[in-house]
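Student: I would like the entire structure built from these sequences, with the hints used as guidance.
The residues making up each chain are set out below.
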Amino acid sequence: MFSELLNNLINNTLDKGLDYFSAELWLSGTIVVMLLMRLFSIDRLVPTFIVGLIGAAAAGWCSFGQFADLIAANDPVSVSFFGGMLRQDLFSVFFRIFLSLFLILTIALTVLTGIPDNEDAPDFYTLLFGATIGMMLMASANNLLMLFLGVEMASVPSYVMVGFLKGRKASSEASLKYVVYGAGAAGVMLYGISLVAGILGTGDMTLLADRIRVVAEGGTAGLGDPEVRTVALGVMLVMVGLAFKLSLVPFHFWCPDAFEGASAEVAGFLSVASKAGAFALLVRFCVGLSGVPETANLMTAFGVGLGVIAIITTTYGNLAAYTQNNLKRLLAYSTIAHAGYMLMAVAAMLVMLNSDQAAGLGKAINYSIGGLLYYLAVYMFMNLGAFAVIALVRNYTFNEDIDSFKGLISQSPALCITMLVCVFSLIGIPPFGGFFAKLMIFASVYQAAQIHWAMYVVLAAGAVNTIFSLFYYVRILKAMFLEERPANVKSVPLPAMEGYYVVVLAVMVALLGFLPQLVNGLSSIANEAGNAVLLVIGG
Amino acid sequence: MVGETLKFWLMIAWLLPLAGFVVEIFFGFYSKNPRHSKAAAWCAVGCIGIGFLCSANALRIWGNANDWCVLEVAEHSNAHADPAHSEETHDADKALADHDHSDADSAKGQTAYSGVIYTLGVFGSLEVTLDYYIDSLTLVMFTMVTLIATCIHLFAIGYMSDELTDEYVDHSAHTADGGHVHRPGRFYRFFAFMSLFCFAMLGLVLAGNIFQVFIFWELVGICSFLLIGFYTERKTASDAANKAFIMNRVGDFGFLIGLMVLWTFFGTFRFGDTVVDDQVVDQGLFSMVHRDNTGNLTREEFTGDVLITDTHGHVLTNEDGSNRQIPYYLMVVVGLGIFAGCVGKSAQFPLQTWLPDAMEGPTPVSALVHSATMVAAGVYLAGRFFPMFVQEVLLTIAYTGCITLFLAATIAMVATDIKKVLAYSTISQLGYMMLGIGVFGWAAGLFHLITHAFFKSLMFLCSGSVIYGCHHEQEMPKMGGLLWKMPITAFTMLVGVCAISGFWVPFGLEFSGYHSKDAIVASALAFNYANPAHFLLFLIPLLTAGITAFYMFRMWFYTFVGKPRDQHVHEHAHESPWVMTVPLVILAVFAWFCAYGGESGRLYLMLTGDEPAHVAAGVTAATAGGIVLPGHDAIHAVHGQAGTWALIAALSGALIAYVLYGTSVVNVEEMKRQLAGVHGFLANKWHFDELYDALFMKPAHKVAAFCAWFDGAVFDRILHSAAKATVIVSKWDRVFDENVVDGFVNLIASATQSVGTSLKVVQTGRLRQYVMFIVLGVVALFAVMFTTFPG
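Protein chains in written order, with this note's numbering: chain A, 3 to 541; chain B, 628 to 1418.
Worth double-checking, as some hints may not be accurate.
[Said to hold, decoys possible] For each label pair, taking beta carbons as the anchor points, the in silico distance ranges come out as:
{"#": "1", "chain 1": "B", "residue 1": "Trp-1359", "chain 2": "A", "residue 2": "Ile-314", "range": "38 to 46 Å"}
{"#": "2", "chain 1": "A", "residue 1": "Phe-516", "chain 2": "B", "residue 2": "Thr-746", "range": "23 to 31 Å"}
{"#": "3", "chain 1": "B", "residue 1": "Lys-665", "chain 2": "A", "residue 2": "Pro-495", "range": "47 to 55 Å"}
{"#": "4", "chain 1": "A", "residue 1": "Leu-41", "chain 2": "B", "residue 2": "Pro-1417", "range": "53 to 61 Å"}
[As the list claims (entries may be wrong)] Computed footprint of chain A on chain B, listed as stretches where at least three residues anywhere in the stretch have a Cβ under 8 Å from a Cβ of chain A:
{"#": "5", "stretch": "952-966"}
{"#": "6", "stretch": "1327-1340"}
[Stated by the list, open to error] Subject to a maximum C-alpha distance of 20 Å in a straight line, what follows is the list of computed EDC-like cross-link-like pairs (lysine to aspartate or glutamate):
{"#": "7", "chain 1": "A", "residue 1": "Lys-480", "chain 2": "B", "residue 2": "Asp-1369"}
{"#": "8", "chain 1": "A", "residue 1": "Lys-171", "chain 2": "A", "residue 2": "Asp-122"}
{"#": "9", "chain 1": "B", "residue 1": "Lys-1112", "chain 2": "B", "residue 2": "Glu-1102"}
{"#": "10", "chain 1": "B", "residue 1": "Lys-1387", "chain 2": "A", "residue 2": "Asp-403"}
{"#": "11", "chain 1": "A", "residue 1": "Lys-171", "chain 2": "A", "residue 2": "Glu-486"}
{"#": "12", "chain 1": "A", "residue 1": "Lys-408", "chain 2": "A", "residue 2": "Glu-486"}
{"#": "13", "chain 1": "B", "residue 1": "Lys-1190", "chain 2": "B", "residue 2": "Glu-1102"}
{"#": "14", "chain 1": "B", "residue 1": "Lys-1112", "chain 2": "B", "residue 2": "Glu-1202"}
{"#": "15", "chain 1": "B", "residue 1": "Lys-1387", "chain 2": "A", "residue 2": "Glu-175"}
Calculated directly from the structure, the hints in this document are not laboratory data. We treat Cβ as the ideally placed atom computed from N, Cα and C, and that holds for glycine.
Tutor: Here it is, written out as structure tokens:
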């Protein structure tokens, strides 16, 4: 009997699992190759980044193949593999493509800015790839154990990358803070997981809601029941772990310090990729908890709670960004604020998913997750663009303060225009991509507000915060375009390759707004992916 | 299949000049030595020359495919010219031609091919396309245009050769300080424009729908504009270019109205039916109106509206079951509108004044654009659109042509500029063609179009050769006695003069103009017999035939014989190089013999092959207008009579010219003084320019001046006071803005700023605190959860 089980497992793995896991395998293989290359000094002949780019491209290509298969299938597919540890659906494939693409863009950026140098390249790219694999696992996790493993696998390389500028004291300090804070959060999360799994007797996230119903013994689950209370506490503790990854208030303290200490490239990577993975995980976790009438009340309250956290996070991020002079720190707060906007989509999804009209709202629910994914896609380009400009300017001025950007337009228009497009998009000014992303999220919050009044507050807070954010973003533009270039600041020559790189990012941001085919195509794919993640509750 | 083959060859002939244009205008400029290279010219000649070969080949294919049946049938009918016989021969011919068609209207379906080249746009059930319509007229026009254009391109290589320089001195253009304009030569540009023109002109001929005609109509217009204004530094040239373009706009306005009516009532612009597998899938305009056996349009009995029919003459119905019809007056509007376009393009009265001014362009342009092809496009369109014209429109066309031909001929008698004489002669001859079409001599008008194209382009090129030989002297009073200085030019021009005068030569060697003009005069005479009230339509052309001979021989005598009047010019005059004389000889041969055989000759029969179906029989029953139109028999009956009179008129005109200018019997200057009033009136072109100046320009200036005053005195004052008011308001606004709005914004900003600053306090950077915040955060969340979540 055991051998039969083993055979089944092997067959399953060989049949489907390895295929589904091919992107991660490619990345892992690339890590091995990179390390071996250094061992045999091949990296002197072939630059490591070329191997890295090939590996990332291969991962992207595999994911794209899976994507094509899933789109070609008539019915949306969602299957678990590796013994229920991971889940394969359009949602996880979407994130695999997203992360592969982002990995390629990041590698390209590091090549252009020259961090890391040749000596350190294998180490750096190994860490980068390891973190990416962790994020991919987060996006396809189907089990609480994988949840924890994914988060840690993404976090540990990140700690090292933040401290990668070995010579700099600030970098090491940031890294240390990040590690200790991360360890604390991880401990809390692990405790939460043990509570949840212990009470409910399973780690499979898709079964959580059903098990809570069993625990609640037929009645509506509420905090009055001590077992449900314990589960709620566990869920909350897991949330704390995720909130750390998402840098939600009040678990955001590491973020500004880590970003300031890390190089701009790493900060850009963390601000987008690790957020993307954490949001994927959060959506899967929340969906797993929803879908049965008994938990509806509890989960609606949970959604509203997330909405409140979103309000606090957005407002806090935007207001705290006001007085920052270091651009990376400013963008760290901006990242916090944007996490708040995206959390609004999850809150809206939870509220709609757990209302009694959920069946009729299927499209709107898809739309809310789709909005989140669209936001992430645009965010990838606009945030990376902003960090890239900072990194490129830093290479010439050795400074990341807003003052070093003064009057840059006279020296490097390409960088300034890119920054302009990215910042306008971050603010959400039409017709750039950020506007449509924000519009989609606000639209689904509005839909959710038809169900629960509190979401109106969330909507209003989102709108007001958009205005708040205007002030500090425009400060950057004002410095670049309107002020005189101070005499003592080093000049930034118009870069050639670097210029093309940032312009490509800016064009993507613009096209995601200008080009209706692109907007419609991406958002419909995002909605499809949103639909896929809901399959587990038979939606 | 034949249609496809014809389309293939004609498309090549049509598109090659466009390719040539692109090459010349871009690579001409970028080549190594653009100002000195003749490459552009040879490129242009090559394109149009190959175009000629393709067209001729297409003509041959068409003939073979139809077994030249049209020609033989027509010859057959011509052999029995007597009226009694011809009626039944005609019927027999029709039966012969219609052996697979029951309907007489579709007889020409055998020889006309039409179809779609490219779809421009689809609007519901309506579509705008580029079509082709190929019948014998198209093919003859194609061959004529490409042949003449080839000759003229060749000629222009010699004529424009002084542009082959980096530093061209334009003696007719002056700078502000009184000196001559110096500019780089524009040899390649000239040929680029000429190629573009050829493309546009051939496109116009090939066009399968009236809208496409309009597109190319405008394209030839713009080419004409560019070429008239080629010496753009000369004010006269740029003014002339503007005048030509603007006067054409007046006509095109009518054209547009016609198009709108057509679009509204017929829903298509296409001429012919689109036939797929012998099924009519898309009906064209020509088959939508049906003519009964009297030659009149089928009309609703009570309202008199013209009924719109299918190809077999059955009335089409609207969706609600009522008959589709178009009010009769709108058919007149359509005809007059389209004709208005023709009036502008063909320089007919009252829009004739632009053509003489257009002579400011280089002489090859005058030969190609302003005599042989573009100006004839108006006549071509009138001929092409003939099936849609009702009697009232035809009468208008006839009278317009009649007035024009007389008017222009009289002015030509006193003009002294050699090119102006030819220009007025062109207007006059175009008038003949219009008259021919108007009096139902459809084939006669188009016949004259072809013959005229040859002899008039010949004469223009001859005049170009004279001008070139005399170092850009155009005034005839300064010439004289050039006969043996430039013999080839002189004798080829004599051929042209004889041809336009319409001289008869025994043994069938008649000049082409003899045949074509006789055909028109005969049609006019037949029309006169049928409608005695319109006798002027015969008398004036007859008289003008004499005038034509007079002014043409006057020009020839003035230029080539007599004593040299200006020694300087005479001494330096020389015969032109071979590139210029060879085209002259080629054209002279065609000018003499292209109409060989007259109305039993191939050219005429080709043209009649695709004659609109109702022309042969004429319109026998008079309608509201009271006009009866003569058929072929009626015209044949008076042919000999008309020809004799026309020949007498021409001979006497030539004789008077010889007496006045060829001998010194009469003192011409003395005569001029005696008839100073008449001479002045004619020399001032009947005062048309002054009349238009007084009628349109002056009032327009008055209105403009009034508008300027009104603008300054009223509008500006209103605007200024509005501006002042705005300034006052904005001053108040500023106060409000600075204190209230800004205050509010600043309040928010400073409030948020201070919140931001206070938030900074939390971010201490102390790790111990951060970890403690985790604990605090968890506990706080837990507390919140327990107090707010449902129990």
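Student: Give a verdict on every hint.
Tutor: Verification of the supplied hints:
A hinted range of 38 to 46 Å holds for the C-beta pair Trp-1359 (chain B) and Ile-314 (chain A), which are about 42 Å apart. For Phe-516 (chain A) and Thr-746 (chain B), the hinted distance range of 23 to 31 Å is satisfied, since their beta carbons lie about 29 Å from each other. Take Lys-665 (chain B) and Pro-495 (chain A): their Cβ atoms lie about 49 Å apart, and the range 47 to 55 Å holds. The given range of 53 to 61 Å is respected by Leu-41 (chain A) and Pro-1417 (chain B), whose C-beta atoms sit roughly 59 Å from each other.
For the stretch 952-966 of chain B, the stated coverage by chain A is violated: 0 residues have a C-beta nearer than 8 Å to a C-beta of that chain, whereas at least 3 were required. With 0 residues carrying a beta carbon less than 8 Å from a beta carbon of chain A, the stretch 1327-1340 of chain B misses the three-residue requirement, and the given coverage is violated. Between Lys-480 (chain A) and Asp-1369 (chain B) the alpha-carbon distance is near 18 Å, which keeps this suggested pair within the 20 Å criterion. For the hint pairing Lys-171 (chain A) with Asp-122 (chain A), the CA-to-CA distance comes to about 18 Å; that is within 20 Å, so the pair holds.
As the CA atoms of Lys-1112 (chain B) and Glu-1102 (chain B) are separated by approximately 17 Å, the hinted pair is consistent with the 20 Å bound. A threshold of 20 Å between alpha carbons decides the hint, and for Lys-1387 (chain B) with Asp-403 (chain A) the separation of about 17 Å falls inside it, so the pair holds. Taking the CA atoms of Lys-171 (chain A) and Glu-486 (chain A), the gap is about 32 Å. The hint is violated against a cut of 20 Å. At most 20 Å may separate the alpha-carbon atoms for a hinted pair to count; Lys-408 (chain A) and Glu-486 (chain A) meet this at roughly 6 Å.
With a C-alpha separation of about 15 Å, the suggested pairing of Lys-1190 (chain B) with Glu-1102 (chain B) holds against the 20 Å cut-off. Distance restraint check for Lys-1112 (chain B) and Glu-1202 (chain B): the Cα-Cα separation of roughly 6 Å lies within the 20 Å cut-off, and the hinted pair is therefore satisfied. For the hint pairing Lys-1387 (chain B) with Glu-175 (chain A), the CA-to-CA distance comes to about 19 Å; that is within 20 Å, so the pair holds.
Of the hints listed earlier, those the structure fails to meet are numbers 5, 6, 11, in rising order.
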